[in-house]
Structure formats: C-alpha cells, structure tokens
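Q: This is what each chain is made of:
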Amino acid sequence: MRAATTTPALEVRDMTISYDREPVVEGVTLTIPQGRVVGILGPNGAGKSTLIKGVLGLLETDHGEVRVFGGELSGSRQEVVYVPQRGSVDWDFPVTVKDVVLMGRYGRLGLFGRPSAEDRRIAWEAMAKMGIEALADRQISEMSGGQQQRVFLARALAQEGRLLFMDEPFVGVDASTEAAIVELLHEMRDQGRTVVVVNHDLQTAREYFDELILLNKRLIAYGPVKQVFTAPLLSKTYGGRLAVFRDHDDQEIIVGA
Amino acid sequence: MLYELFIEPWTIGDWMWRGVLVSSLVAISCAILGTFLYLKRLSLLADAMAHVALPGIVAAYLLTGSQSTPTMLLGAILAGLVTSGLIRFVERYGHARTDAAIGIVFTSLFALGILLLSTFARDAHLDLNCVLYGNVLGVADHSLILLAVVTVAIVALTVLFFRPLQLATFDPALAAAFGLPVGLIHAGLMGTLSVTTVASFEAVGAILVIAAIITPAATAHLIAKRLETMLLVAVAHGLLSAVLGMYLSIWLECSSAGAMVTTGALLYAVTLGATWARRRWRRAQRRQRLQASALPG
Numbered sequence: 058m059r060a061a062t063t064t065p066a067l068e069v070r071d072m073t074i075s076y077d078r079e080p081v082v083e084g085v086t087l088t089i090p091q092g093r094v095v096g097i098l099g100p101n102g103a104g105k106s107t108l109i110k111g112v113l114g115l116l117e118t119d120h121g122e123v124r125v126f127g128g129e130l131s132g133s134r135q136e137v138v139y140v141p142q143r144g145s146v147d148w149d150f151p152v153t154v155k156d157v158v159l160m161g162r163y164g165r166l167g168l169f170g171r172p173s174a175e176d177r178r179i180a181w182e183a184m185a186k187m188g189i190e191a192l193a194d195r196q197i198s199e200m201s202g203g204q205q206q207r208v209f210l211a212r213a214l215a216q217e218g219r220l221l222f223m224d225e226p227f228v229g230v231d232a233s234t235e236a237a238i239v240e241l242l243h244e245m246r247d248q249g250r251t252v253v254v255v256n257h258d259l260q261t262a263r264e265y266f267d268e269l270i271l272l273n274k275r276l277i278a279y280g281p282v283k284q285v286f287t288a289p290l291l292s293k294t295y296g297g298r299l300a301v302f303r304d305h306d307d308q309e310i311i312v313g314a
Numbered sequence: 284m285l286y287e288l289f290i291e292p293w294t295i296g297d298w299m300w301r302g303v304l305v306s307s308l309v310a311i312s313c314a315i316l317g318t319f320l321y322l323k324r325l326s327l328l329a330d331a332m333a334h335v336a337l338p339g340i341v342a343a344y345l346l347t348g349s350q351s352t353p354t355m356l357l358g359a360i361l362a363g364l365v366t367s368g369l370i371r372f373v374e375r376y377g378h379a380r381t382d383a384a385i386g387i388v389f390t391s392l393f394a395l396g397i398l399l400l401s402t403f404a405r406d407a408h409l410d411l412n413c414v415l416y417g418n419v420l421g422v423a424d425h426s427l428i429l430l431a432v433v434t435v436a437i438v439a440l441t442v443l444f445f446r447p448l449q450l451a452t453f454d455p456a457l458a459a460a461f462g463l464p465v466g467l468i469h470a471g472l473m474g475t476l477s478v479t480t481v482a483s484f485e486a487v488g489a490i491l492v493i494a495a496i497i498t499p500a501a502t503a504h505l506i507a508k509r510l511e512t513m514l515l516v517a518v519a520h521g522l523l524s525a526v527l528g529m530y531l532s533i534w535l536e537c538s539s540a541g542a543m544v545t546t547g548a549l550l551y552a553v554t555l556g557a558t559w560a561r562r563r564w565r566r567a568q569r570r571q572r573l574q575a576s577a578l579p580g
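Protein sequence lines, in the order shown, are assigned to chains A and B. So for the first sequence, my numbering puts the first residue at 58; every next one is plus one. So for the second sequence, my numbering puts the first residue at 284; every next one is plus one.
Extracted from the complex, chain B is given alone in its bound form:
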C-alpha cells in the first residue's frame, strides 16, 4: 500500500523524477525571488511578468516569423524587461502609485497581445492552454536546462550578495548613501524575475507561477524573524508544495500545477492557523503569570 502510493511512481519510467526536478527548480527560484518581491511590496509584479509573456511571444512571432521555443522565450523575457521599465516610467511621470502603475502597464500589454493574436497572428496556433496552465511533464530539455541555470544563478547571487541585497531591500536610502548600486540591484531583480517567470511557466503555467512566487514568501513571513530564515522557509514551502503536489496529482489523477498550488495554499493556511494559536497561547500564559504575581502568597 505505502509502496504503491509513495515509491512506485518513481520506478515507472523517469517522469516522476523529471516532474519533481522541474517543479523543485521552479519552487526554489520562485521562492527566493518572491521573498524579495514580498518585502519590497512588489508581489503584484509576478502577476505582471506572467501576463506580459503573451504579448512578448506574439511580438517575437510577428517580428521573426519563427515559432521556435528559444525565440518565444527571448520575446517573453524582453517583454518582461520592457514592462519593468514602463512601470518605472508610469510611476515617475504619471505620478501613479506602484500598484496602479503595475496594473495599468501589464493589463494594457496583455490586451495588446490578445489583439495581435486575434488579428495579425491568427495563424500562430499558440497553445493558450499550455501557456496558462503549463505541464510539468511536457517540459522540453532546453527549457529544463534554462530552468536549472536560472535556479543555480539565483541561489549563487543571493548567497554571494546577501548583505547588499538585504540592505537594499530593507533600507534603499541607506544603501544608496553607502554608494551601493541600488538601481542596478533592482534591475537585476527584475531581469531574473522575468527570466524565471518565463522559464517556469512552461512547467506550471503563467497563472500558477504567480502562486509559486507569492505563497512561499507569505508563509515564510509569518514565522521568520530573520531574512536568512525567511528565504529558507520559503524554499522549504516551495519544495514541499512541489513534492506533495506531485503525489496529489498522481493519486487524484489531476493537473500537477493545480495540485501544487492547492498544497501550497493549504500549507499557508495551516501556518497562519498555527501562528494565530501560538499568539493566543502566549497571551494567555502572560495573563496567567500576571494574575499569579498579583496574588499574594
């Protein structure tokens, strides 16, 4: 019974190995980036990057006439970079708040993508279903390699530049006063976010990559009191959601991306409940202590 549930999937071909590898890579890179976005209050950017991949892909097809995966990836990545630039522009010259600027820019570009798709690019035959929901088991080798390179790069950069990243996220003004390249750090974050989103959504889809970025960070923020811990907890949450989600999708024979996001959301709910209970218990204990000390003898 246990063997069938937990071990057997690993023994039938390489698809379980491949699925867990792909979703773990997505989980690690998205959780790390998500932590920095969460702390910068820019979680909505994940949504933006996931959506502008569509106009990026369509534009790449219209410009080159090619429908090869590398062309599409490049188009989507460039679209992400253009988006972060446009958001800055609208914030600065339109005096819009960041959330509004993000909302205006990505919905406009997404709509433009749909417009192009239904007029000039009608013969593109884009598999919208795949773009939106992804398929962990349908990830091609070159996408897997891209995902692996991106993940290793993100982990290495985070470890190497941990202190400057921490300072630039917590107190950008002080970081700038120290002469740290705050603008470059932000641009680097946007660039890796764009690449990660695009590399990930072949596996989990454009919509669900958003969950992979936001939920682990939100869960980790509930319990971590240092950035190091928050990053580790977020990665752990992502990995746990990925592996448990894979099993769930096998047992229920459902979409693996859907199962992973549902698992992640459940883990968030459990953590939220636990922190709430812990706070109440602590408060009750403190009250007891106070009462005990107020009573003489």
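One chain only, chain A, in its complex shape:
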C-alpha cells in the first residue's frame, strides 16, 4: 500500500541521543515532506551522522519517536535506504562490485532467500545508472574514492526505497562523480522520493538542496534554503567558526570551519 503523497516522508519527535550520558543530539523535532532533497549542515561534532543513525534505529536513543510515511520504521524497512560513509566498510574485503550492488536487494531476501533474475537485473540497471557496469567483476579494493561512492550509490538505487539517508556522499570524490550524485539527487526528488544528505560544504549547499537542516546538537533551523541559509542562522549554527563576506554583487560569501 502506497502512502498518499501528502503523508510526510519522515517525522522525528523530540529525539535525544547521548554517548556516555553526554547528549550529542538534543530534542530534535522535524517533519520532512515527500519529494525533497534535504541537506543536514552543521560543524564537526554537531551530531549530523548521529542523528540519522538514531532515526534509522542503528543507535540507542534516550528518547524520541520516529515515523516513516506515517507508520513505524519497522513497517517500512524496504522503503528506507541508508548510504553510510565510505570509510565505514573495509574496501579490502574480498567482494566484487556486482556483489556489493546486489547486497542492496538482500533486505528483501530475508535470511534464506536467493537473489532472482529480477534482482540481478535491478542491480545491473543501478550499475549502469552510476556508470560502473564496466567495473562489475572487479574487486572493490581496485576502486578509487569516486568509484567507491558510485558503488555505494548503485547499491542504494538497487534498494528502490523512497526515503534515502546519505552520510557525507561528497567527501573525497572527483568532480564528475560529485556532478553525477547531484543529478541523481534531483532525479530522485522529481520521482517523488526524499533524500536526506549529511554534508559539510557550505558553498554548494544552496545549489544542491531544496531544504536545509541546521544542526548543532539542537535543531537550529529547518526550512527551504532561501529562508534558512542566512548569515544570522548560519553563524548561530557554526558559532564563531564562520566568516561572512559580501562580494561586489552584495552576495553573501560564507566560509565555514
């Protein structure tokens, strides 16, 4: 059963997550509609990755409630896709590109299932979309940073979810991969999917995202880029570690730490 498009993709209520009783994310409440590309911005240690791991139930939370397409997360596991940071896996692992992308289908297979021809076709299409079919039979240890990210994104595509969380997909990738990722984000949005992206590059935030979450332990602001990407809110998020300049066209140039 597909949820109506007016149902929010994600609702988070009063989420608090602590390491060693020290809160890293505090009292975050958000409602993200369907069909948006949302960036999470904030300084290092602001809890950006922690927030998405908490939302996905990968970390224990102190309290907080998560609803996905109006229901429990456990009821929408197929719809929710997580793309972890590249560094979170061992790239020397003996596995080929094709096999990693096929892992995107494992969520539907359960403990005993075997991938069908249909699963393989979907994995193949995802590789084609990310331009890595030629690398299908290579071991992942041979991939460059950009190629690794394309492998991760192809795997995410193969999951065919409607709500995606990506943790720092732009870190350490080449310019053409970055462009390919942005194109993919916008295409997904146009299909009505929702993508939440942890990012820390302020320069590109305005072009890449529809909406922004400004986070520094607490939620500083959430809304359309135009309303949120302002000097007062950004300096509130980044504290003193931010400089705002104005160029000759009176455009704000913001340099973050």
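Calculated directly from the structure, the hints in this document are not laboratory data. Backbone N, C-alpha and C fix where the C-beta goes; we use that ideal spot for every residue, glycine too. Please note that a few of the clues may not be correct.
[Unchecked claim] Heads up, incomplete: computed chain B residues facing chain A, CB under 7 Å, no partners named:
| no. | residue |
| --- | --- |
| 1 | Arg301 |
| 2 | Val442 |
| 3 | Phe453 |
| 4 | Asp454 |
| 5 | Ala460 |
| 6 | Phe461 |
| 7 | Gly462 |
| 8 | Gly466 |
| 9 | Ala507 |
| 10 | Arg509 |
| 11 | Leu510 |
| 12 | Met513 |
Please arrange chain B on chain A, whose structure you already have, making use of the hints.
A: Frame of chain A; chain B shown alone:
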C-alpha cells in the same frame, strides 16, 4: 621408494586414516571460522578462546569434581562464551579498543586458571603438555564425533546463510538496517568458535589451533577477490597443511601438529612471494606497454 613414502603409512593400521581425518576436520572448521574472524579483524579472538579453555577446564573440575572429557569440554565451551561476553562488556563500558579488550580479558582468565590450578586444583593432574600441544593420534572417539558434528554444522550454516553472513561481515550497519539479526549472527560465530577451538585442541593443542584459524584465512586473503573464493582457498590451505603435515611428521618423526603449522606457514610464505612477484611483473608489463605506445611507429 614412493610407495614407502606416500602409500605405506595408510596400510599400517588405521592411525594414518584417523590422523588425516581428525586434522582435516580441524582444518575445515578452523579455516571457515578464521575467514570470518580475519575479515572482522578479530583474529586475536582465536588466541583468546584457546587460552580461556584452561580456566574453563579447571573451573569445571572444581565445581563438579569430575575429570571426564565431556565435563571438561563443557567447561571450556562455557568459558569461551563468558569470554566473548566479557570482551563486549570491556569494549563498551571500559571504552577499550577491541584488541585491548581481548588482551585484557583472556590473559586475566588464563592467569586465574593457572592460579586455581596451583592452589585449589593441585590434585587435578591435568596433562598440560597435551592441552598445549595436542596429539592428533590420541583423539578419543567422542571427541572425533564432536569434531565431525561441529564441522558439518559450520559448513552447512555457512552455505545456508552465506548472504546474510557476507553482508553482516562486510557492512554490519546495512545488515542491521535491513533488520538482519546482526547480534545473533555475531553470537553464533562466537559460540561456534568456542566449540571448534575446544574440539580442535585435543588434536592440535591450544596454541596451534590459533595457527589453524589465522594462517589459512591470511593466505586466502592474498589471492581471493570474492568471499566464496576466500573460503574455498582457506579450506584448501588448511587441508593441504594437514595432509602434507602428516607426511612430514612421519618422515621426520616429529610432532604432527608442529609439522602441520610449519607447512601452513610455508604455504603462506610461498603465496606471499607469488603475489608479490605477480604484482611486480604486472607493473613491469604496464610500463612496457606505456613505453611502446609513447614511441611513434
């Protein structure tokens, strides 16, 4: 000559058959578990499991007063499970890195075992020599059966749950996000590791079982580009070490466990040398091609 060297040992009684069977079972189960441990960067756990068998055996003797093999096996297996739990605990609440947590837990328990052995359990008459070095030919029938059951179970579980195991090893976060029982898979790995270590060390000893777990996986990782291949190469390495090691121990009249581990280490060294040579040769070829294409005509 060839007959005497290779065939004759099989014809004198059943000990060659039995020795090769026991060491092959050890090789298969240890190589498979070792592959997963290696990829999870937990090879040191093999060391831990082998050592805590001692306090497990001593504790079982003190609690039951029995020195029968099943009691000892049970004690050693329970000690292994307690150890993996304690390691998790120290990691989590002591904020220790995994290698440090493993090191703290197993040395402490091992020391406790020695302490108990030299105070309360002085009359236990444990054959330490056998615990440490094992004896492939001295394996009792019930141990052989346990080893066979464990090996069949490990092979069957690996084949049946290959995909979930692969995903949980490569990317535990994604496996958890898919709702796979990552914690249960880890606990299952620890449990089978504990049973395998204990079942194996009667044959090859507590120290050398560590080699049977780590060396095949390390060798296979040098050449395999898929997990399926890595598992097969590791098992092949283990079996080859077992059979060649048996022959070596007959020819040199030395400890069979020692011969098997030495053979395994040599196979690792040869593989390492071969991969190094192959890489150099490939690089040289690429350079030649580049030079050839740079020269006009």
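Q: For each hint, tell me whether it holds in the structure or not.
A: Comparing the hints with the structure gives:
1. Arg301: violated (34 Å)
2. Val442: violated (12 Å)
3. Phe453: Status holds, d = 5 Å.
4. Asp454: Hint on Asp454/B: holds, closest Cβ of chain A at ~5 Å, below 7 Å.
5. Ala460: Since chain A brings a Cβ to about 5 Å from Ala460/B, closer than 7 Å, the hint holds.
6. Phe461: holds (4 Å)
7. Gly462: With a minimum Cβ separation of about 5 Å from chain A (threshold 7 Å), the hint on Gly462/B holds.
8. Gly466: violated (12 Å)
9. Ala507: holds (5 Å)
10. Arg509: holds (6 Å)
11. Leu510: Holds. Min distance 5 Å.
12. Met513: At about 5 Å, which falls below the 7 Å cut-off, the nearest Cβ of chain A leaves the hint on Met513/B intact, so it holds.
Violation of the numbered hints given earlier is confined to hints 1, 2 and 8; the remaining hints are satisfied by the structure.
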